[in-house]
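Model the placement of chain S on the given structure of chain F, informed by the hints.
These protein sequence lines map, in sequence, to chains F and S. Sequential numbering from 1 applies to the first sequence in our numbering. Sequential numbering from 1 applies to the second sequence in our numbering.
Do not take every clue at face value.
In this list, chains with the same sequence are indistinguishable; a pair is considered to hold if it fits within one copy or across any two.
[What the hints assert, rightly or not] Derived pair list, reagent style DSS-like, types lysine-lysine, alpha-carbon separation capped at 25 Å:
no.	residue 1	residue 2
1	Lys-19	Lys-48
2	Lys-165	Lys-19
3	Lys-19	Lys-134
4	Lys-87	Lys-134
5	Lys-48	Lys-87
6	Lys-87	Lys-165
7	Lys-165	Lys-134
If you are wondering where the hints come from, they were derived from the structure by calculation, not from laboratory data.
Number of protein chains: 2
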Amino acid sequence: MERTQSRPRQGLVILYTGKGKGKTTAALGLVLRAWGHGMRCCVVQFIKSERGRWGERLAAQRLGIAWHTLGAGFTWRSQDLAQDRRKAEEGWALAQAEIAGGGYDIVVLDEFTYPLHFGWLDPHAVVGWLQANKPPELHLVITGRDAVDELVAYADLVTEMTEVKHPFQQGVAAQRGIEF
Amino acid sequence: MERTQSRPRQGLVILYTGKGKGKTTAALGLVLRAWGHGMRCCVVQFIKSERGRWGERLAAQRLGIAWHTLGAGFTWRSQDLAQDRRKAEEGWALAQAEIAGGGYDIVVLDEFTYPLHFGWLDPHAVVGWLQANKPPELHLVITGRDAVDELVAYADLVTEMTEVKHPFQQGVAAQRGIEF
Numbered sequence: 001m002e003r004t005q006s007r008p009r010q011g012l013v014i015l016y017t018g019k020g021k022g023k024t025t026a027a028l029g030l031v032l033r034a035w036g037h038g039m040r041c042c043v044v045q046f047i048k049s050e051r052g053r054w055g056e057r058l059a060a061q062r063l064g065i066a067w068h069t070l071g072a073g074f075t076w077r078s079q080d081l082a083q084d085r086r087k088a089e090e091g092w093a094l095a096q097a098e099i100a101g102g103g104y105d106i107v108v109l110d111e112f113t114y115p116l117h118f119g120w121l122d123p124h125a126v127v128g129w130l131q132a133n134k135p136p137e138l139h140l141v142i143t144g145r146d147a148v149d150e151l152v153a154y155a156d157l158v159t160e161m162t163e164v165k166h167p168f169q170q171g172v173a174a175q176r177g178i179e180f
Numbered sequence: 001m002e003r004t005q006s007r008p009r010q011g012l013v014i015l016y017t018g019k020g021k022g023k024t025t026a027a028l029g030l031v032l033r034a035w036g037h038g039m040r041c042c043v044v045q046f047i048k049s050e051r052g053r054w055g056e057r058l059a060a061q062r063l064g065i066a067w068h069t070l071g072a073g074f075t076w077r078s079q080d081l082a083q084d085r086r087k088a089e090e091g092w093a094l095a096q097a098e099i100a101g102g103g104y105d106i107v108v109l110d111e112f113t114y115p116l117h118f119g120w121l122d123p124h125a126v127v128g129w130l131q132a133n134k135p136p137e138l139h140l141v142i143t144g145r146d147a148v149d150e151l152v153a154y155a156d157l158v159t160e161m162t163e164v165k166h167p168f169q170q171g172v173a174a175q176r177g178i179e180f
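For reference, chain F alone in the conformation it holds in the complex:
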């Protein structure tokens, strides 16, 4: 009788994009699920949220999940294009190090679509590097609006989040534990 071989894990590239809510939130859910399986998780945030994302940062700290937020006080689309590019390159260098050498099972690049969309990083070079250097078993999760075509083509799973109804339209303030 033939023995069933244990199937090696295949790392998926997952992209959550679109204008609706739930992209970063879904990435967090994947992190929680993976953590439940005892996997090693890393999150790199390419946008510093105004609200600091304290809910997830506190949770990550308590769970032992590696968490990087790029650029103290850094916001995209500053008046200084050279600075934007430099910050994007620094962030991408950190992401590359964590992906290639961090020993993680899952890495989230949160809001990573923006530096590609705005042209601070070259999509062709980024995807080329990932194809050559991402460990085959590593799950990679990328979030953000306006995903460039190269990223959509590279990803295994792409979900577009569409806003059907948003409470801010109705004058409801952002809520702790939900929005941040």
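Just chain S now, kept in the frame of chain F:
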């Protein structure tokens, strides 16, 4: 000078629907974020997944999150309509108890759209009960495809997840830590 009053929390009703991946996952992300803030969380799953959802169940156990999975071996659309209705009613009664009296900050009704869509529960009665009995500060999260109109009208925030690309289309097996 007028004193700024601390704004009371307003519980949001959040609906993740559509055919794309990431609905339950986004609900899990909200739970993780809320847990990071020290909020009390409860999840009621209306569909028993084939794969058991072990990643999130293990995580919930370690995090002290209340977790209910309805019906051992129960699947929807059995040959027995009366049994489907009875199971749906049992699940809804449990959800009602947790929402009205559980003392939670956030309650997730995972895959709750289905019993409404299939008609096992009356959408008008369910939404009417929620409007009358959900504590104003409680965040309620509902996931699943085919959300009925009553649910969309009731929700504050509705995101539709659309499948752009799915790895199963390319013959990739479901991956532990990602799909379950």
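Open item on the list: Checking an output row: Lys-19 and Lys-134, CA cutoff 25 Å. Within, between, both or neither?
Closed with: neither (27 Å within a copy, 29 Å between copies)
Task: Intra- versus inter-copy proximity for Lys-165 and Lys-87 (alpha-carbon distance at most 25 Å) - done: neither (34 Å within a copy, 31 Å between copies)
- [ ] Check Lys-165 against Lys-134 for me: Cα-Cα at most 25 Å, and say if that holds within a copy, between copies, both or neither.
- [x] between (37 Å within a copy, 20 Å between copies)
Open item on the list: One pair to classify: Lys-48 and Lys-87, alpha carbons no more than 25 Å apart. Within, between, both, or neither?
Closed with: within (12 Å within a copy, 45 Å between copies)
Task: Up to 25 Å CA-CA - Lys-48 versus Lys-19, copy category - done: Classified as within; 18 Å inside a copy, 31 Å across copies.
Task: Within, between, both or neither, where Lys-87 and Lys-134 count as close if Cα-Cα is 25 Å or less - done: Only inside one copy: Lys-87 and Lys-134 sit 22 Å apart there, 45 Å across copies, limit 25 Å.
Task: Intra- versus inter-copy proximity for Lys-19 and Lys-165 (alpha-carbon distance at most 25 Å) - done: This pair counts as both: shortest intra-copy Cα distance 11 Å, inter-copy 17 Å.
When each numbered hint is compared with the structure, violations occur for hints 3 and 6.
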